[in-house]
Amino acid sequence: MSIEARFEINKGDFSLNVEFTIPEQGITAIMGPSGCGKTTLLRTIAGLERCKNGFLKVGETTWQDENVFVPTHKRSLGYVFQEASLFEHLNVKGNLQYGLKRLKGLKQDVSLEHAVELLGIEHLLSRHVEQLSGGEKQRVAIARALVLSPEILLMDEPLAALDSARKQEIMPYLESINTQLRIPVLYVSHAVAEVARLAEHIVLIENGRIRARGETAEMLARLDLPFARDDDAAVYIEARVVSNDEPFALSEIAFPGGQLTIAASHLSVGQDVRVRIAARDVSLTLTHQHGTSILNIFPVVVEEIGEREGAQFTVRLRANGTSILSRITRKSANILGLKVGSTLFAQLKSVALCS
Amino acid sequence: MISEADLTALFITLKLAALTTLILLIIGTPLAWWLARSRWRYKFLLEALVALPLVLPPTVLGFYLLIALGPNGPIGQMMQALGGQPLAFTFTGLVIGSIIYSMPFVVQPLQTAFTAIGQRPLEVAASLRASPLDRFFSVVVPLARPGFLTAAVLGFAHTLGEFGVVLMIGGNIPGVTQVLSISIYNHVEGLEYSNAHWLSGGLLLISFIMLLMVYGLNRRFSLLR
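Going down the list, the protein sequences come from chains A and B.
Here this note's numbering is used: the first residue of the first sequence is 13, the next is one more, and so on.
Here this note's numbering is used: the first residue of the second sequence is 492, the next is one more, and so on.
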């Protein structure tokens with residue numbers, strides 16, 4: 013079941029003109045600067061916002077075209093807002109059952125029990141909404157959308173209103189939804205770290221147009237997009253633990269481009285991990301340095317050089333099939349004589365373990 | 492003590508207030524909803540019109556109603572054309588007058604309550620498969636419960652104390668249009684202070700108890716939530 017959409021909205025200075033298809037499962041992140049139309053796009057898909065020239069087909073059902081406009085309450089969707097927006101006159105269970113009571117014999121793949129278990133909210137069922145923490149509220153809101161077994165799940169910055177501890181609390185639940193339920197998810201966000209962890213695909217919107225779209229890892233490493241040009245640019249790499257160096261509280265992890273040493277004491281051999289390598293923690297040398305405090309040094313080939321603007325710019329390097337980014341000064345680039353195809357050594361000042 | 496005529500007046504008053512409140516809740520709810528939701532440019536005209544009885548002397552309102560409802564007025568003529576009677580000096584006429592007179596006391600609390608709910612709960616309900624009517628009854632009504640209670644009690648209490656409008660369009664017909672406030676006036680005019688005391692004290696008590704109910708229940712609602 014795939015999703016095909018085409019929308020054209022013009023409201024004063026604001027315009028949105030997009031056309032895209034979404035894969036049948038997995039999380040697709042919609043990113044872009046604030047005011048670019050991310051939320052409007054999501055609301056238009058839900059039918060909460062009207063768009064005259066629009067086309068939207070979800071699986072076999074046309075939700076909108078020249079002749080058809082299916083109202084929101086007849087669309088098989090789940091919507092999670094930035095604020096949990098639970099009904100205050102109902103308790104947690106009442107909130108979860110609200111949509112369920114209105115499904116009226118339509119197919120329900122996700123049972124209430126399953127959704128409750130997925131989001132870990134068994135102990136909250138009889139609570140009143142006001143007795144919940146921000147993170148708990150959002151988990152209930154997500155479960156409330158899931159029990160409808162929607163054909164598409166729309167999430168509008170569901171973590172943006174939460175502090176980082178609450179984000180960390182919810183993230184694993186979102187990951188398990190993605191692996192356990194085969195629902196396409198559209199996830200509006202502006203937080204790269206969140207998207208890097210959750211989303212398979214990114215659609216980047218700028219000024220109401222789709223600027224670029226593609227797989228997450230590839231998008232984050234593209235030098236023509238704002239992600240890689242940012243001071244916080246980073247790549248995320250999947251790796252596997254090969255050995256532990258317990259006396260030093262270090263672990264060796266292997267990825268297609270080589271091996272890395274990371275500071276971690278709780279990992280077990282064979283475990284899959286994700287690490288974040290920030291572009292500004294990657295420095296380049298012409299020769300393999302010895303007598304340095306840096307543990308991670310490996311050969312790389314310059315794959316692409318970003319626009320040389322300002323003091324610093326980003327370079328994309330290839331380490332045996334894996335792309336990493338390095339943020340260096342223009343002066344250093346001149347000293348190194350940097351060109352596409354040059355072989356250099358990357359020195360990683362730090363590697364952060366995610367999840 | 493309370494005479495038979497006073498009891499009749501009390502009964503007419505309660506009937507008038509109950510009927511007015513019921514009708515106002517029925518027509519005031521969609522009106523307040525529309526006022527809370529609509530983005531029509533000239534909405535303020537209607538808002539001003541609804542609020543007019545708040546500032547207009549009741550006798551002025553009663554005077555115009557008397558003219559409109561009387562045998563030569565547009566509504567009176569229409570009633571006669573339909574084979575009915577003019578509405579001045581009838582109980583129906585009183586109900587019509589009371590509806591207009593108490594309208595802002597019902598519509599304004601409802602409008603405030605509806606506005607406070609905002610768009611979000613309705614959007615959530617729509618995303619959870621609730622049709623527009625279903626959304627109104629399953630989300631708006633429970634969330635606006637304190638607003639409904641305030642509207643009902645204010646509408647009822649305000650109609651109870653009506654005097655000017657009733658005197659103008661209802662006259663003072665015992666058993667038909669003579670309400671409590673007019674009976675009190677009559678007793679005072681006839682220097683029957685003891686009867687006036689009984690009725691006035693009774694009305695004071697009823698009004699106070701009703702307001703206690705509003706504030707007490709609204710407090711309970713907010714504690715429940």
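Calculated directly from the structure, the hints in this document are not laboratory data.
Warning: the hint list may mix true and false statements.
In silico DSS-like links for lysine-lysine, alpha-carbon gap of 30 Å or less [to be verified]:
1) A:K23 with B:K506
2) A:K343 with A:K361
3) A:K105 with A:K64
4) A:K69 with A:K116
5) B:K534 with A:K64
6) A:K116 with A:K105
A few chain A residues that face chain B, going by a derived Cβ cut-off under 10 Å, partial list only [to be verified]:
7) A58
8) R87
9) G90
10) Y110
11) K113
12) E163
13) Q192
C-beta atoms are modelled at their ideal positions from N, C-alpha and C, and glycine is treated no differently.
Results of checking the hints against the structure:
no., hint, verdict
1, A:K23 with B:K506, "violated (53 Å)"
2, A:K343 with A:K361, "holds (20 Å)"
3, A:K105 with A:K64, "violated (38 Å)"
4, A:K69 with A:K116, "holds (23 Å)"
5, B:K534 with A:K64, "holds (26 Å)"
6, A:K116 with A:K105, "holds (18 Å)"
7, A58, "holds (6 Å)"
8, R87, "holds (8 Å)"
9, G90, "holds (7 Å)"
10, Y110, "holds (5 Å)"
11, K113, "holds (9 Å)"
12, E163, "violated (13 Å)"
13, Q192, "violated (22 Å)"
This entry does not satisfy hints 1, 3, 12, 13, going by the numbered hints stated previously.
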